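Visitor: Just so you know, the sequences run in chain order H and Y. With our numbering applied, the first sequence corresponds to residues 29 to 305, in that order. With our numbering applied, the second sequence corresponds to residues 695 to 873, in that order.
Far from chain Y by the CB rule (all over 12 Å, computed), these chain H residues: (1) Leu42; (2) Gly196; (3) Ser276.
With beta-carbon atoms standing in for the labels, derived distance ranges: (4) Y:Glu710 - H:His290: 52 to 60 Å; (5) H:Ser276 - Y:Glu786: 54 to 62 Å; (6) H:Gly53 - Y:Lys848: 51 to 59 Å; (7) H:Ala75 - Y:Cys796: 34 to 42 Å; (8) Y:Gly835 - H:Gly164: 55 to 63 Å; (9) Y:Ser701 - H:Arg47: 24 to 32 Å; (10) H:Ala32 - Y:Cys833: 34 to 42 Å; (11) H:Ser276 - Y:Ala853: 53 to 61 Å.
Calculated from the structure, these hints are not laboratory results. Note that the structure is a prediction, hence the values are computed from the model and not measured. All C-beta atoms in this analysis are idealised placements derived from N, C-alpha and C, irrespective of residue type, glycine included.
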Amino acid sequence: MIPAEFDYVAPETLDEAIRALADGGEDAKLLAGGHSLLPLMKLRLAAPALLVDLRRVPDLAGVRANGDIRIGAMTTHSALVRANAGLASVAAATIADQQVRNRGTIGGSLAHGDPASDLPAVVLAAEGTIVARGPGGEREIAAAEFFRDYLETTLAPDEIITEIRMPGTEGWSFGYEKFNRRREDWAMVAVCALVRIESGACADARIGLTHMGSTPLRATAAEAALRGQPLEAGAIAAAAEQAAEGTSPPADLNASADYKRHLARVLCRRALERAAG
Amino acid sequence: MAPVRVSLDVNGTTYEREVEPRLLLVHFLRDHLGLTGTHVGCDTSNCGACTVHLNGEAVKSCTVLAVQADGAQVTTIEGLGGPGDALHPVQEAFWEHHGLQCGYCTPGMIMAAADLLARNSDPSEAEVREALAGNLCRCTGYHNIVKAVMAAAKATGRAEAAPPPPPGDPTVPVTGVGA
Ligand SMILES: Cc1cc2nc3c(=O)[nH]c(=O)nc-3n(C[C@H](O)[C@H](O)[C@H](O)COP(=O)(O)OP(=O)(O)OC[C@H]3O[C@@H](n4cnc5c(N)ncnc54)[C@H](O)[C@@H]3O)c2cc1C
Ligand code: FES
Ligand code: FES
Numbered sequence: 029m030i031p032a033e034f035d036y037v038a039p040e041t042l043d044e045a046i047r048a049l050a051d052g053g054e055d056a057k058l059l060a061g062g063h064s065l066l067p068l069m070k071l072r073l074a075a076p077a078l079l080v081d082l083r084r085v086p087d088l089a090g091v092r093a094n095g096d097i098r099i100g101a102m103t104t105h106s107a108l109v110r111a112n113a114g115l116a117s118v119a120a121a122t123i124a125d126q127q128v129r130n131r132g133t134i135g136g137s138l139a140h141g142d143p144a145s146d147l148p149a150v151v152l153a154a155e156g157t158i159v160a161r162g163p164g165g166e167r168e169i170a171a172a173e174f175f176r177d178y179l180e181t182t183l184a185p186d187e188i189i190t191e192i193r194m195p196g197t198e199g200w201s202f203g204y205e206k207f208n209r210r211r212e213d214w215a216m217v218a219v220c221a222l223v224r225i226e227s228g229a230c231a232d233a234r235i236g237l238t239h240m241g242s243t244p245l246r247a248t249a250a251e252a253a254l255r256g257q258p259l260e261a262g263a264i265a266a267a268a269e270q271a272a273e274g275t276s277p278p279a280d281l282n283a284s285a286d287y288k289r290h291l292a293r294v295l296c297r298r299a300l301e302r303a304a305g
Numbered sequence: 695m696a697p698v699r700v701s702l703d704v705n706g707t708t709y710e711r712e713v714e715p716r717l718l719l720v721h722f723l724r725d726h727l728g729l730t731g732t733h734v735g736c737d738t739s740n741c742g743a744c745t746v747h748l749n750g751e752a753v754k755s756c757t758v759l760a761v762q763a764d765g766a767q768v769t770t771i772e773g774l775g776g777p778g779d780a781l782h783p784v785q786e787a788f789w790e791h792h793g794l795q796c797g798y799c800t801p802g803m804i805m806a807a808a809d810l811l812a813r814n815s816d817p818s819e820a821e822v823r824e825a826l827a828g829n830l831c832r833c834t835g836y837h838n839i840v841k842a843v844m845a846a847a848k849a850t851g852r853a854e855a856a857p858p859p860p861p862g863d864p865t866v867p868v869t870g871v872g873a
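Pulled out of the complex, with its shape left as it was, chain Y reads as follows (with noise of 0.2 Å):
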């Protein structure tokens, strides 16, 4: 069967490759780009261990195909972070909180609580449950990984909340002068 040409753009990176029409996206994000952070668990789109962002809304890569994802942008877990080793917030958050225990389950849960965030920033322990119905876990019982995902929304909350820096402050590039 005739081999396709994707082009993917992976956490910033664009990757063009030969593919089989029948490869996985988790197949090619593991086995082609050997970015390993996405799990695969159940295989059957019910557990959520092989979630990521494909344009930018969380999907489970075992049930899509990389000729699918062609001229898409994909985020995975190594690139949900900031520049070098920064965490992002839920990261961060479920390390704060101990949101694991195996850590079989935790890409997934990241990217779905990520997404959640990104689409509500203020979530209800309820929205928050709801966000990760698709995921399961085998190890927590779930209560701290909601733990941190509410506390990672109250993070992103001040930081966004927290007032401009006086004016006058020597740190603000001051743009627009003259113009």
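With the rest of the complex left out, here is chain H (with noise of 0.2 Å):
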């Protein structure tokens, strides 16, 4: 399978990145990792005229946690790993398999906007921001104005996503929990959850769904259901029978929205466990 023909280039600024991206129009498309895009040209459902490459583009890889967590744009999947930044790492290091993930970056996945990928609702979640560059200067978007549907975000053609801001850790604990058949494919369900422990209680719960729905999603019933309650196996089952409320997952070939509820529901189980140690 080869991809339709496009030109190539590989700028060495934002500022170039940014004009050849806004010149190439419509057409042009950015290029990280690529383990999205060239599986989409290879098969012709994607054939842009012109890929605009940011592996020469300085200063957009790196993970920073100093308070805050700020991860660049260009971090792969296996350096976010090696970080040891918290959930993220720990969801990253879910993602496919090695080659996969030495190559494909946060930007390049929160971009493409499949609400099956690991790291959109885990930045959800978490209430991260995602920074980015256009020809207008930059602006930081909240992850929750930023997944507005199937494969489609907030960001403007012609924005390149710099950097990913995540809210320090202290005080957070975690877990993850995904569900699927083979390392290769997709989450059938993942369940991401924070939660804020004071005196044996949880102060705050956040928690995040992957594949329940055209976007990443909070399951925002069941936090409100934990928030308050003592964090033991009654409280966390009780608050994880809700994972599910409000959400219509899409149905495929390895799972129907009723058992991707069941999962949901299992899954947050497990992840509240995890979390409350």
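Both chains come to you apart, so use the hints to assemble them.
Guide: This is the structure we're talking about:
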């Protein structure tokens, strides 16, 4: 399988990349790790006329955890795993296999907007933000405002994600539970849970759902049910029962909508149990 | 569409070529350089037969453009061993422990395993299986592959842990004298 023809540039600065993208118009696409875009191009489901490769743009890769967590857009999944930055690193370690993790990036993963990918729900649950630069300058988009629909985000076509920011995890514990049958498969469902525990009770809970809708989602009913409760088995199980509340997950070859709701409840319980220690 | 000039270091030799941007790294290696040890199995980033090292990291070369590897160092199965016909410890162990049957997956398996041992010289069996999760084999059932990788780790570990030769050994070159 060979992609359709296209032109290729690899600019050396962010400003040049923004210009190349703007000049290329709607037929231009950014290229990061290429592990979502190239498979689509090989299947001819995408045929951009110009690829603007970010690989030579400096300062886009790296993880800084200094109070808050800042992850450069071109940070590969394997670099994020090595950085050991809590929930995001644990979730990144479950992405496909070592070879895929060595190429795929967090910026590409968020921009692609696939609700079955692991990192979007993590950034959403952590109440992170996405920093993007375009011809008009820089803006910081809350994750809750970022994911619009299946493979659709609120990023403008000429904007480049430069960094992902997440609040520091001090005082929070977390759990990540993903269900799939082979390492190369995306999650049938995955659940991430962040819990702030104060004197044995849940002071705050943030729960993210992967592949339970056309975008990543928060399990708001389960979060509300857990807040203020003691973090013990009964309260966790009762909250997890509400994990699929208000969702209409897409059925596919692997799982019916009902089965996905079931998975969300079970995985939510396990993620909360893990977070509770 | 405009061809792009690339320069790649493949197995220690620098190659400069004009390529179409859509040329995949695996086709550059096989069709342009004649390095047919790297295989194409699935062409969809699932099977790992096309695994090579790009700047020291295992990647699936069916999902990398040749232009993305401009300026990079690439190692293929042909370049993994030492000088001459010397085999890499993982190659040696696949031979010794019958880690292959038809051999189609083998170059990719060996490149993925060598990548693991470069990161982790003493992996558990679970870590070996995890590191090879992106490589499919339709013949062996994986058992002897895992055995071979564990054996290669032990062999490399022994070589590294070998005690230094005693002082005064005439085969050890003396350096720094009088410095
Ligand atoms: C076999 C296989 C299995 C996989 N399994 C999983 C899995 O289980 N879970 C999972 O989460 N992912 C999975 N992935 C996807 C992988 O994580 C991708 O690498 C990732 O989703 C996209 O990152 P990328 O850097 O490869 O992006 P690319 O493919 O380069 O780009 C993807 C999209 O994002 C845009 N883009 C890229 N960078 C930026 C930027 N900085 N700013 C704005 N737009 C940008 C591109 O224009 C393109 O539209 C899998 C991929 C493969 C091949
Ligand atoms: S040919 Fe590249 S992963 Fe199968
Ligand atoms: S030995 Fe035949 S596919 Fe692995």
